[in-house]
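Fit chain B to the known structure of chain A by using the hints.
Sequences listed follow chains A and B, in order. At position 168 of the first sequence (counting the first as 1) the number is 168 in my numbering, and the numbers step up by one without a gap. At position 540 of the second sequence (counting the first as 1) the number is 540 in my numbering, and the numbers step up by one without a gap.
Hint data in this document are derived by calculation from the structure and do not stem from the laboratory. The reader is advised that the hints may include incorrect statements.
[Unchecked claim] Covered stretches of chain A, going by a simulated chain B footprint (3 or more residues, C-beta under 8 Å):
1. 98-110
2. 221-231
3. 236-242
4. 358-365
[Unchecked claim] Here are the simulated EDC-like cross-link-like pairs (lysine to aspartate or glutamate), alpha carbons at most 16 Å apart as the crow flies:
5. B:110 x A:359
6. B:110 x A:100
7. B:106 x A:279
8. B:110 x A:78
9. B:106 x A:132
10. B:106 x A:105
11. B:106 x A:100
12. A:294 x A:107
13. A:294 x A:110
14. A:307 x A:331
Note that the Cβ used here is the ideal one computed from N, Cα and C, for glycine as well.
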Amino acid sequence: MKFNKPILATMALGLSAGAVGADGHMASDMTLVSWGGAYQQSQINAYADPYVANNPGVTVTWDESSAEAVAKLRAMNEAGSITWDVVDVVAADALRLCDEGLALEIDADEMLAAAPDGTSASDDFGDLLVGDCFIPQIVYSTTFGYRTDMVPDGVDAPSNICDVFDLETYPGMRALEKRPINNVEWALLCDGVAKEDVYDVLATEEGQEQALAKLDTIRDSVIWWSAGADTPQLLADGEIFMGSTYNGRLFAAIEEQGQPIGMMWDAQVFDLDGWIIPEGLSEERLARALDFVKFATDTQRLADQAKYISYGPARVSSAPLVGKHATLGIDMAQHMPTDPNNAANTFLYNYEFWADYRDDIDAKFQAWLAQ
Amino acid sequence: MSDTTDSGPMLAADGTPLKESLGRALRRQKIRALALIAPLLLFVLLTFVIPIVSMLVRSVENQIVSDTLPGTIAALSEWDSTQGDAPSEDVFQNLFFDMFNAAEAKEHTKLGTRLNYENTGLASLFRTSGRSMDDIGEVFQDAIEDADARFEDGAFWYEMMSGAGGDTLLADRRTRWSALTGDNMSGDVGFAPSQDIAALLPITTAAYTDFAIWTAIEDEDIVAEEDPWEAVYAALAVDLRDPSRVAAIASYSGAGADALQALTATEMPDLTFTEAFADLDEDWVSPDVWETVQVYSPNYTPGYFLNSVDRELTIDGVEARPENEQLYIKLFGRTLWMSLIITSSCILLGYPVAWLLANLPVRTANVLMILVLLPFWTSLLVRTSAWKVLLQQQGVINELLVWLGFVDDANRLILMNNSTGTIIAMTHILLPFMILPLYSVMKTIPPTYLRAAKSLGATNWTAFWRVYFPQSVPGIGAGSILVFILAIGYYITPEIVGGTDGVFISNRIAYHISRSLNWGLAAALGTILLVLVLALYWVYDQIVGIDNVKLGG
Numbered sequence: 001m002k003f004n005k006p007i008l009a010t011m012a013l014g015l016s017a018g019a020v021g022a023d024g025h026m027a028s029d030m031t032l033v034s035w036g037g038a039y040q041q042s043q044i045n046a047y048a049d050p051y052v053a054n055n056p057g058v059t060v061t062w063d064e065s066s067a068e069a070v071a072k073l074r075a076m077n078e079a080g081s082i083t084w085d086v087v088d089v090v091a092a093d094a095l096r097l098c099d100e101g102l103a104l105e106i107d108a109d110e111m112l113a114a115a116p117d118g119t120s121a122s123d124d125f126g127d128l129l130v131g132d133c134f135i136p137q138i139v140y141s142t143t144f145g146y147r148t149d150m151v152p153d154g155v156d157a158p159s160n161i162c163d164v165f166d167l168e169t170y171p172g173m174r175a176l177e178k179r180p181i182n183n184v185e186w187a188l189l190c191d192g193v194a195k196e197d198v199y200d201v202l203a204t205e206e207g208q209e210q211a212l213a214k215l216d217t218i219r220d221s222v223i224w225w226s227a228g229a230d231t232p233q234l235l236a237d238g239e240i241f242m243g244s245t246y247n248g249r250l251f252a253a254i255e256e257q258g259q260p261i262g263m264m265w266d267a268q269v270f271d272l273d274g275w276i277i278p279e280g281l282s283e284e285r286l287a288r289a290l291d292f293v294k295f296a297t298d299t300q301r302l303a304d305q306a307k308y309i310s311y312g313p314a315r316v317s318s319a320p321l322v323g324k325h326a327t328l329g330i331d332m333a334q335h336m337p338t339d340p341n342n343a344a345n346t347f348l349y350n351y352e353f354w355a356d357y358r359d360d361i362d363a364k365f366q367a368w369l370a371q
Numbered sequence: 001m002s003d004t005t006d007s008g009p010m011l012a013a014d015g016t017p018l019k020e021s022l023g024r025a026l027r028r029q030k031i032r033a034l035a036l037i038a039p040l041l042l043f044v045l046l047t048f049v050i051p052i053v054s055m056l057v058r059s060v061e062n063q064i065v066s067d068t069l070p071g072t073i074a075a076l077s078e079w080d081s082t083q084g085d086a087p088s089e090d091v092f093q094n095l096f097f098d099m100f101n102a103a104e105a106k107e108h109t110k111l112g113t114r115l116n117y118e119n120t121g122l123a124s125l126f127r128t129s130g131r132s133m134d135d136i137g138e139v140f141q142d143a144i145e146d147a148d149a150r151f152e153d154g155a156f157w158y159e160m161m162s163g164a165g166g167d168t169l170l171a172d173r174r175t176r177w178s179a180l181t182g183d184n185m186s187g188d189v190g191f192a193p194s195q196d197i198a199a200l201l202p203i204t205t206a207a208y209t210d211f212a213i214w215t216a217i218e219d220e221d222i223v224a225e226e227d228p229w230e231a232v233y234a235a236l237a238v239d240l241r242d243p244s245r246v247a248a249i250a251s252y253s254g255a256g257a258d259a260l261q262a263l264t265a266t267e268m269p270d271l272t273f274t275e276a277f278a279d280l281d282e283d284w285v286s287p288d289v290w291e292t293v294q295v296y297s298p299n300y301t302p303g304y305f306l307n308s309v310d311r312e313l314t315i316d317g318v319e320a321r322p323e324n325e326q327l328y329i330k331l332f333g334r335t336l337w338m339s340l341i342i343t344s345s346c347i348l349l350g351y352p353v354a355w356l357l358a359n360l361p362v363r364t365a366n367v368l369m370i371l372v373l374l375p376f377w378t379s380l381l382v383r384t385s386a387w388k389v390l391l392q393q394q395g396v397i398n399e400l401l402v403w404l405g406f407v408d409d410a411n412r413l414i415l416m417n418n419s420t421g422t423i424i425a426m427t428h429i430l431l432p433f434m435i436l437p438l439y440s441v442m443k444t445i446p447p448t449y450l451r452a453a454k455s456l457g458a459t460n461w462t463a464f465w466r467v468y469f470p471q472s473v474p475g476i477g478a479g480s481i482l483v484f485i486l487a488i489g490y491y492i493t494p495e496i497v498g499g500t501d502g503v504f505i506s507n508r509i510a511y512h513i514s515r516s517l518n519w520g521l522a523a524a525l526g527t528i529l530l531v532l533v534l535a536l537y538w539v540y541d542q543i544v545g546i547d548n549v550k551l552g553g
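Bound-form chain A, shown alone (with noise of 0.2 Å):
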């Protein structure tokens, strides 16, 4: 009988709402894809339960797949049964499902919510509407955290992208991703490159060459990681002294469980995550997803995700509605990557850039490793 309820509700609404002409045809289920954890958390927290207390009848499931949502989406696409209704991923991941077909072109001032004062959906969100699909949600940050109890007796603590490199000044582990993308800007920085130079310089064979040149420095002290979690888990240890992660990880290890880390955000690189409707959904199943992400995406739903975890909100309006965190009650707009205080020296994901290189450097790189 309880699981009759739901269903009753929904069929009852749906009468109700069929009798009064309005929003009639929505699918009562609604997959979301998202990346788990704590992220996923703020998401149920700001987006999904408030959406669902005010549409009683709609039931939400949770996919922790946005890892391989590409892949996934492509075989998806290739078997013909689209199961996701809206899916969360980075802004890369977004182009390539945009290239491909697979994700739904969006028209942002005809699809999202304006902002409370008026502003267009498009002008809100401005130059992070990248690529047709893409629908904006956080501003997150990879950037990196240090121990402050490993920190070498009369030196400052690492205040600089190069003390990265300096293993004379700073001697320990090191933690990096296992890929080439941020690693080689940073490499190319610290090795004389002007910032404004980083991408001309890393097209050419000579200088991806001097990039893994650079990294070769300190080849010997880094552990390559492939999980967010495993830079905070690697400094909770005392295995690193010093690890890139996304500053969201850096924030949970720092502010909910006291470990002695602290925040270099010097050169952070800046990049996107947000929702994308796969593309093939049915008439109802598509109106339900734009329906949701249209109140996800509005204004006071992005200032609401920053109280449970340090990402900025994607939008210009949101960001004065930025609060405390909900249950430390700490101020959360000094945590943000877009804080002035932090954002100093940035960089920006280079989206065109790495859409054409990935392949090519990655094979570098991977064989760079393998020596």
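Chain B in isolation, oriented as in the chain A frame:
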């Protein structure tokens, strides 16, 4: 045999010939046996054989190039790459119409991704150029519409192009669309090209038919009510460049003849498609780009297999990849070598345990058996993560060694994020697969043999080595095959504890499946791995003999 002619064939009880009756009974038995295994057979076929075969086929499939750029590829066959020039205008003209359709169907980016595996930069070249096809077409559209406003009207076009006798053209263009999109594009188009106009303006008719099919079937609109694509105007301008066609138009009397005749009198933009593409991106006129397109134009390619063995397909044939990109042969070698080490350590560690299990009293042996099986029942990820806690530099093992004074605190052992970590963790994880077959074989060796050997004067060692060990070899064989084949395809454990020099080829396969999406390369690597395993199995059969493998009894 001569007496059978006298007595006739031997009959069964019901009067049918015995041979026939027996045959029928045997057939029935066979069908019953087949019916019994049918569910399993179907299951294996559907969930195992078909997906694997379809995955393996990907390792040579390459239709995407000729499906997306059919006209371009045909025109490109004339091009001689050794001249060092860009291809002819004809190629670029075909490229425009192919790209226009591909961009309409959003397929050009897929081709860009495919070719980017071979030549870096093609992904963005195709992506950004696809968007600009409309702009190129618009140049011609504006000129034609300025010359005669009737060409702005969709209904006028429809009337001019419609007629009878163009069914083959329609079917041909439909086939092209279905090759491009992968849909079958069936359904009523509500338009049939006229034979006369097709003869008069072949390129325009083809472009208009493309537009009509897409409009009717994909957009589900009425063709006559829609204005043609920019490509159709460009096609008309191209047709008008041919003096023989202009001459034919002068004597044409079909629908829209006067508009066409008026058009021949006006000046058309002299923009060539070569210029148009060069304006979009200089790379389009680079022979390098066209070499890649030409090399990868056949429907099937050995390219992925060559990539998997650090070679590449170039216009001059097969070449070794640059040294700083060579990876796979090394990884294959490492995978085989480390799997061998893991198998040997499993034999060394598993043999005494299996011997104990087989020879201890049943009660004690059962307890020991649970200890062997317990890790087997624990999740693989949990066990691997547990090894992480044990092996890391601040981990349990290092702490213990430092505390005992065996290792200096400053020089802790590096036990993980390298091949040592992979070998330790995988040996532990695969150990039950060695112990169980060994145990079940040892269980069948009567203990009396050892006692008999000793009573005949053999030392403990001789008795074991000459009598017991040879009888346990089938168990070692079975265990080794299991462990080795499992090890060769392992990927989670090396990924977590392997660091850089402890990862296997399967980690690259996983990367290409889920991250780089180069499924062709992943399929080729997988096929090579499969062939390697089969070859090793064959070698094993030749040396040890597969009859000598026992899982028990």
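Here is what the structure says about each hint:
1. 98-110: holds (count 4)
2. 221-231: holds (count 3)
3. 236-242: Since three or more residues must qualify, the claim that chain B covers the stretch 236-242 of chain A holds, with 3 doing so at under 8 Å.
4. 358-365: As far as the stretch 358-365 of chain A goes, the hint holds, because 6 residues have Cβ atoms under 8 Å from chain B.
5. B:110 x A:359: Distance of about 15 Å is within 16 Å: holds.
6. B:110 x A:100: It holds: about 5 Å lies between the C-alpha atoms, which stays within 16 Å.
7. B:106 x A:279: holds (12 Å)
8. B:110 x A:78: This hinted pair holds, its Cα atoms lying about 14 Å apart.
9. B:106 x A:132: holds (12 Å)
10. B:106 x A:105: holds (11 Å)
11. B:106 x A:100: Roughly 8 Å between the alpha carbons, so the hint for residue 106 (chain B) and residue 100 (chain A) holds.
12. A:294 x A:107: Given that 16 Å is the threshold and the Cα spacing comes to 12 Å, the pair holds.
13. A:294 x A:110: Given pair residue 294 (chain A), residue 110 (chain A) holds - Cα atoms ~10 Å apart, limit 16 Å.
14. A:307 x A:331: holds (9 Å)
In terms of the numbered hints stated before, the structure departs from none.
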